[in-house]
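Using the hints provided, position chain B relative to the given structure of chain A.
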Amino acid sequence: MKRREFIRLTTAGAGALAATPTLARAQAPKRGGVLKHIGLEPPSWDIHGTVSYQTQLVSSFVRRTLFKFVNGAKHGPSDFTLAPDLALKADISPDGRAYTIKLRPGVRWDARPPLNGREFVAADVKYTMERAAKKSGYASLLGRIEGIETPDKLTVRVHLADAFAPFLHNLAEPWNGILPREVEDKFGDFKSADSLVGLGPFVLEKYEPGVKAVFARNPHYYQKGLPYVDQVEWLFVKGRATQLSLFRAGQVDVPFYDARIPRAEIPSFKQSNPTYPIVFWDWLAVRSLAMRTDKAPFSDVRVRRAFSLAIDRKKWVAQYLDGQGYPDHGPVPATMPEWKLPTKDLGEGARWLGHDPALAKKLLAEAGFPNGMKVKCTHWPGYGPEYVEELELLTYSLKQIGVELSIVNEEYGNYIRGSFLGKYDETTWGPSSIFTEVDGYLYNFYRTGQPNNRSHVSDTQLDVMLDAQRRYTARSSRKKVIDDIQRVLADRMYYVYTPYPKNVSSWTPRVKNYGPKNSFDRGAQLEVVWLDGK
Amino acid sequence: MARYGLKRLLLVVPTLLLVSLFVFAIVRAIPGDVVDMMLEQFQYGKSADELRARLGLDRPLAAQYVTWVSGVFRGDLGQSLWTNRPASRDIAERFPVTLTLSLLSIVVSLAIALPVGIVAAVRQDSATDLASRSLAVGALSVPNFWLATLIIVFPSFYFHWAPPIGNFRRIGAGTVVYLSQFLLPALCLGITQAGVIMRMTRAMMLEVLRQDYVRTARAKGLADRVVVLRHALRNALIPIVTVIGSQMPFYFGGSIVMEHIFGLPGVGSFVLEAISRRDYPVIQAVNLLVAGLVVLSNLLVDLSYGALDPRVREDET
Numbered sequence: 001m002k003r004r005e006f007i008r009l010t011t012a013g014a015g016a017l018a019a020t021p022t023l024a025r026a027q028a029p030k031r032g033g034v035l036k037h038i039g040l041e042p043p044s045w046d047i048h049g050t051v052s053y054q055t056q057l058v059s060s061f062v063r064r065t066l067f068k069f070v071n072g073a074k075h076g077p078s079d080f081t082l083a084p085d086l087a088l089k090a091d092i093s094p095d096g097r098a099y100t101i102k103l104r105p106g107v108r109w110d111a112r113p114p115l116n117g118r119e120f121v122a123a124d125v126k127y128t129m130e131r132a133a134k135k136s137g138y139a140s141l142l143g144r145i146e147g148i149e150t151p152d153k154l155t156v157r158v159h160l161a162d163a164f165a166p167f168l169h170n171l172a173e174p175w176n177g178i179l180p181r182e183v184e185d186k187f188g189d190f191k192s193a194d195s196l197v198g199l200g201p202f203v204l205e206k207y208e209p210g211v212k213a214v215f216a217r218n219p220h221y222y223q224k225g226l227p228y229v230d231q232v233e234w235l236f237v238k239g240r241a242t243q244l245s246l247f248r249a250g251q252v253d254v255p256f257y258d259a260r261i262p263r264a265e266i267p268s269f270k271q272s273n274p275t276y277p278i279v280f281w282d283w284l285a286v287r288s289l290a291m292r293t294d295k296a297p298f299s300d301v302r303v304r305r306a307f308s309l310a311i312d313r314k315k316w317v318a319q320y321l322d323g324q325g326y327p328d329h330g331p332v333p334a335t336m337p338e339w340k341l342p343t344k345d346l347g348e349g350a351r352w353l354g355h356d357p358a359l360a361k362k363l364l365a366e367a368g369f370p371n372g373m374k375v376k377c378t379h380w381p382g383y384g385p386e387y388v389e390e391l392e393l394l395t396y397s398l399k400q401i402g403v404e405l406s407i408v409n410e411e412y413g414n415y416i417r418g419s420f421l422g423k424y425d426e427t428t429w430g431p432s433s434i435f436t437e438v439d440g441y442l443y444n445f446y447r448t449g450q451p452n453n454r455s456h457v458s459d460t461q462l463d464v465m466l467d468a469q470r471r472y473t474a475r476s477s478r479k480k481v482i483d484d485i486q487r488v489l490a491d492r493m494y495y496v497y498t499p500y501p502k503n504v505s506s507w508t509p510r511v512k513n514y515g516p517k518n519s520f521d522r523g524a525q526l527e528v529v530w531l532d533g534k
Numbered sequence: 001m002a003r004y005g006l007k008r009l010l011l012v013v014p015t016l017l018l019v020s021l022f023v024f025a026i027v028r029a030i031p032g033d034v035v036d037m038m039l040e041q042f043q044y045g046k047s048a049d050e051l052r053a054r055l056g057l058d059r060p061l062a063a064q065y066v067t068w069v070s071g072v073f074r075g076d077l078g079q080s081l082w083t084n085r086p087a088s089r090d091i092a093e094r095f096p097v098t099l100t101l102s103l104l105s106i107v108v109s110l111a112i113a114l115p116v117g118i119v120a121a122v123r124q125d126s127a128t129d130l131a132s133r134s135l136a137v138g139a140l141s142v143p144n145f146w147l148a149t150l151i152i153v154f155p156s157f158y159f160h161w162a163p164p165i166g167n168f169r170r171i172g173a174g175t176v177v178y179l180s181q182f183l184l185p186a187l188c189l190g191i192t193q194a195g196v197i198m199r200m201t202r203a204m205m206l207e208v209l210r211q212d213y214v215r216t217a218r219a220k221g222l223a224d225r226v227v228v229l230r231h232a233l234r235n236a237l238i239p240i241v242t243v244i245g246s247q248m249p250f251y252f253g254g255s256i257v258m259e260h261i262f263g264l265p266g267v268g269s270f271v272l273e274a275i276s277r278r279d280y281p282v283i284q285a286v287n288l289l290v291a292g293l294v295v296l297s298n299l300l301v302d303l304s305y306g307a308l309d310p311r312v313r314e315d316e317t
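Residue numbers (the working numbering), protein chains in the order written: chain A, 1 to 534; chain B, 1 to 317.
If we strip away everything but chain A, and leave its shape as in the complex, we get:
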């Protein structure tokens, strides 16, 4: 099957499955009701002005993208099958450099000024993409755009300088929501809540700073019958204990922006709210020990391999995570099975993912550290007690091979602009950002000079491979390159990835057709949800 056909069929088919009233009717959805949801207040409402996920979450209720990921209880949290949204289909040129996107006809913007319900057209897409390429912190994830044409009012053709495999996928990310030029003309930018005007399933009915944002059903939404709920109250309640208490008391339906509850709270929830579902689900972020591989001692691959060998990943998952986690969760997360190379297929590198303290000590001795070593490790304890406990576990593991990890707690501001971006002395430990496309976990972390390349990797052979995987638009060819990259990375061990726990989520039993999702496109996730009962 050719790539261009693949896109067309997948999007059309998945769209039918994802969010249409047909599916909903089969499960007897109910209309109406107010979904009360713990949310987060954004620092700004401009999706190009910030990479903040809080902004993407609220924007997605109102602003829509050309494509979206399938949503609903039937689809997995990491199912990123594309469904049509404002676009109907996309054709890719054989060289992978031109994308012709056909837009959905008859879609209308918000009926209020300054848009007055005008039709959504190709010029809107061109304006948005050009603005994103110029202003967004994610601009590099659109590839190198050479030009954008609008042959007719419902067709957009994007020309890229080089083939860029993740292009179409990334168009479904909420930071690519389509913006109307008139709003920027009127307000000067998209920073204020007043600028949140769009054509999505919801309209922003009310915004009370520090209290809540209320999203009401958009009566003119192009997908008739959706959303099912009348309103979503996105509450800016901050204290975690308060959020969970409101949830226990049934005052909110969803206890966090992605419905997460702390793992330690599971037994008490089973006791206090036995009818609430407790759902374990796959999470996409990775947790790793990054090392200064540009200088000694971590420029020596034997030291890095020794660190990895010190960790008993299977025992970690079995005992500490009660079996609810993944021993091998990086560089490609285990929750991306279509890209993840199983440990047994990693070749020579698979050896370094095992648990072998004796070999680890031998490697350290060969590297000139027969008596072990003392290493500083920065981190931000504010991620929560679970993260701190995992770092303690890592510290304990390394101690067994004579490595003393000296933990340096950092203030958030220092951590996020320092260690998180590779500015530390020896090692740093923490989670990554979430990327829904495999490129995010490879190119960002390993390509020479990338800001997220925390381990200061500079490997010419790897750079060539990382660039190559971006160029292959045919999935099978790209997969082969990505497999090879994973083999190289397992062997060179630039980061030591620790096991990853599954997320735990819960919601009130009246919330139906809800499925946790590794995406910040909350609008698309909630448009297919309905409420059954008080």
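Derived from the structure by calculation, the hints contain no laboratory data. Each hint should be verified, as a subset may be incorrect.
Beta-carbon label-pair distances, calculated as ranges [to be verified]:
no., chain 1, residue 1, chain 2, residue 2, range
1, A, R112, B, L6, 48 to 56 Å
2, B, D76, A, E130, 32 to 40 Å
3, A, N414, B, L130, 27 to 35 Å
4, B, K7, A, S192, 43 to 51 Å
5, B, F154, A, V34, 21 to 29 Å
6, B, G56, A, R112, 29 to 37 Å
Listing some non-contacts, in silico: residues in chain A with all C-beta distances to chain B over 12 Å [said to hold, decoys possible]:
no., residue
7, R181
8, K480
9, R492
Every value quoted in this text rests on a predicted model; they were computed, and no experiment measured them. Positions of the beta carbon are idealized from the N, C-alpha and C atoms, including for glycine.
Chain B only, in chain A's frame:
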């Protein structure tokens, strides 16, 4: 008295100027530069120099300070670096919430501390006194955030009930509805601060009750209630009022924690966000406002001495 008031009022100006200088300097001493953060964490621009210039942070600190202070004198507290919203607009929306919570907490503290402190002094070394002293120590020992968390967590676990949080209603919704939202946080904050006032009340009352004029009042045959409330309490009040004045920063500080736990949209949660984002104008504006209020409350305390004690009035005239 008027001259005394005027003199105290004039002293407020240099105090606030010093405070403004301190606030301006301390905000910039927080580790982490706003431009780095905007660029690196939130990708809020492309070039550090360009962003610094756009935010007016490329000029010398002295020039930035003069611009800010002159703006403050014109009623312009500056704009948020992140949202471009005037800080005064956000503060105007949020400050009434913090003020209401602080004032209600003071009311709660006084409602508990004064009667208990007085009774404890009048019945010195009795079981009542012991109980009230234990209560005071208990109130002092219990952190308000712990009490607040318990109040929220326990009922939700055992009775599936939680205070109505997350649907804050402004004063336009009606005074009763508005004030009812503050009852639990004010109780948590008020109880913990009541301990200090309770102990001070007891100690001062004990001292005053031993004075000759109290004995004289009793000898004249005045009722105990009149002796205690009209003669003794009034003379004991000056140190108590001083303590209340000195507690004002604790009430404002405690409000920040209570706002966070009870989901109240006051300046506390607002300034916490601003600090984490290094939003200098907002941090400066809120700090200056709080400092101004503390200065003002101290001024009111000083002025109240005159009202409470005729000797102060006479001295000043």
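Evaluation of the provided hints:
no., hint, in the structure
1, A/R112 x B/L6: 48 to 56 Å, "holds (54 Å)"
2, B/D76 x A/E130: 32 to 40 Å, "holds (35 Å)"
3, A/N414 x B/L130: 27 to 35 Å, "violated (50 Å)"
4, B/K7 x A/S192: 43 to 51 Å, "holds (45 Å)"
5, B/F154 x A/V34: 21 to 29 Å, "holds (27 Å)"
6, B/G56 x A/R112: 29 to 37 Å, "holds (34 Å)"
7, R181, "holds (19 Å)"
8, K480, "holds (32 Å)"
9, R492, "holds (27 Å)"
Hint check: a violation occurs at hint 3 only; the rest are consistent with the structure.
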